[in-house]
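Undergrad: Hey, can you work out the whole structure from these sequences and the hints?
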Amino acid sequence: MTVNSAESSLLPGTSGEAASRVAIDVRRFPWIRRLAADYAYDFRSVEPFFAGDPSERSAWAAAIARTQAHTRDRAGIASILGAQQARRGAPAAAVAAAARLADPRTVAIVTGQQAGLFGGPLFTLLKALTALKLARTVEQEHQVPAVAIFWIDAEDHDWDEVRGCTVYDAALAPHSVALPARPADHAPVATVTLDQHITAALDQIEQLMPPTEFRASVMADLRSAYVEGRGMADAFGRWMERVLGDRGLIVYDSSDPASKPIAGPVFVSELSKPGETAKLAAQAGAQLVSRGYHSQVHAHDDGLALFHLEGGRRAIRQQDGQFVVGEARFAQASLVDQATRTPSAFSPNVLLRPVVQDTLFPSICYVAGPNELAYLGQLRGVYDRFGVPMPLMYPRASATLLDSAAMRFLAKYGLPIEALQPQDESALNQLLESQIPPAVEASFSQASQAIDSSMQAIIDAIPALDPTLEGATRSTLGRMQHDLQNLHNKMIQAAKRRDETLRRQFMRTRALAFPDGHAQERTIGFVSFLNQYGPALVDRLEEELPLDLGHHWIVTI
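Quick note: my numbering has the sequence shown finishing at residue 561, numbered continuously throughout.
If you are wondering where the hints come from, they were derived from the structure by calculation, not from laboratory data.
Just so you know, even glycine gets a beta-carbon here, dropped at the ideal spot from N, CA and C.
Keep in mind that the hints are not guaranteed to be accurate.
Claimed, not checked - Derived DEER-like restraints, expressed as beta-carbon distance ranges:
1) 456 / 173: 46 to 52 Å
2) 324 / 108: 44 to 50 Å
3) 325 / 346: 19 to 25 Å
4) 508 / 179: 28 to 34 Å
5) 305 / 60: 46 to 52 Å
6) 314 / 508: 27 to 33 Å
7) 504 / 51: 52 to 58 Å
8) 232 / 316: 20 to 26 Å
9) 189 / 346: 33 to 39 Å
10) 49 / 175: 41 to 47 Å
11) 520 / 441: 30 to 36 Å
TA: Below, the structure written as structure tokens:
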């Protein structure tokens, strides 16, 4: 695995043509927390919390050996995946990949996300592509069969998180399309059936996205996946298979009751020793905090790492020697028996989901977002408790997609991309100021120094004549400095008016990179880029997006 390669010299500026991709050290971004930065650049600091350093070949070899030695129902999960794929009409490459899981040598790279409308933000696509690229790398470097699996978090009940999709319009303004809000009934997304509102959402997104040579085919594929009467998670799975199934991506719907018996022993163990998972995660969280990191999950001592699915998705907690689910109370033995007989009535929470995932699949690596790393770092003891091998964690590829005009703009002016995030004009003012002829700026600097020097001489001398005048003299200096600064600001405004082209280029590039001030990959649905670039989007990203740890990539498609 390639990690921490040198940053491109494109930014700050270069002469000539802009490169097609530029590496940015993620530590330059204020929203990247220390744990994610150290994971890439100082793994020894976080080593106690993870199963191995993904930059080391030996860690991958060890993960492969652990996973191949662990007993699991390979034939069962391969059959379950095959049935899911048959229902969705998955591409042949995906079907063949799922069948390989029956082979005791096969290992898996797993990633996942909630079932966001129309595929969700760009980072969903980046997660899946990272898993596919890692699977190919593992096959080549370790000579073992490797597949990529996308886990649809279909039992998540946060409807507001998944019901919308944001796309660019022709003017690069972000617009959101959303399905109607739902009552707070804790219903898993997998239970939501698309109604007539999906047709309106499809029509709206087609109208919002600018007309391109690809829009008709993109919309045809979306309309074939998102059909009235179909489940939200099912539609998401079909869309992901349409985009990446031909590349061998295996899509798994985690709400499938057929897979719950395989995970049943995990549920029974959690109910048999209530609170132990939360305690282990809390201990690891405290250790992370003691090292200057943050604890992502704050588990309650009375909580279990399970949800009960009857009547919605409800947390299970302990109280007075019993389990409490909503208003209902159960004896411990009662829920243990139910988990044994009917495991489909239970669902793991964020602490237990990775353990269930790696009980089902021969995972050697999970592709995680930067915010997921923190809670995954709280789970090493949890994995040990359940006797499941903990996989390596690999940060997903991170990217901003720009067109050639925006890339040339950044290269020409040497503007760091993170300077575009604030939604004020400070970076633009600095850029315009840098374009002012040096002689003009020098004259302002000289005038400011001359005023300061002359007035300071008066301030030093005036007390000998009348000490009460010193305050008035300082006030006069302040007004003079203020007037000079106002004149300087007016000069900046004149430069703005003179160079309106630069201003338009700045605003356009900012709109692309940080829509409404938010990172593009977390805001804009990848369907927007498919509309703009067509199949070349996935081809270019799969071929050229590096897997380097610790870098964000600016990419021109």
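Undergrad: Next step is simple, just say for each hint if it's right about the structure.
TA: Tested hints:
One distance hint, 46 to 52 Å for the beta-carbon pair residue 456 and residue 173, holds here, with the actual separation near 50 Å. A C-beta distance of roughly 46 Å is found between residue 324 and residue 108, which places it inside the suggested range of 44 to 50 Å. For residue 325 and residue 346, the Cβ-Cβ distance of about 23 Å falls inside the hinted range of 19 to 25 Å, so the restraint holds. The supplied range of 28 to 34 Å is broken by residue 508 and residue 179, whose beta-carbon atoms lie about 21 Å from each other.
Between residue 305 and residue 60 the C-beta distance comes to about 37 Å, which lies outside the given range of 46 to 52 Å. A C-beta distance of roughly 57 Å is found between residue 314 and residue 508, which places it outside the suggested range of 27 to 33 Å. The hinted range of 52 to 58 Å is satisfied by residue 504 and residue 51, whose Cβ atoms lie roughly 53 Å apart. Distance hint check: the CB atoms of residue 232 and residue 316 are about 24 Å apart, consistent with the given range 20 to 26 Å.
In this structure the hint that residue 189 and residue 346 lie 33 to 39 Å apart at CB is violated, the actual value being about 21 Å. At about 45 Å, the beta-carbon gap between residue 49 and residue 175 stays in the expected band of 41 to 47 Å. In this structure the supplied range 30 to 36 Å holds for residue 520 paired with residue 441, their Cβ-Cβ distance being about 35 Å.
The earlier numbered hints that this structure contradicts are 4, 5, 6 and 9.
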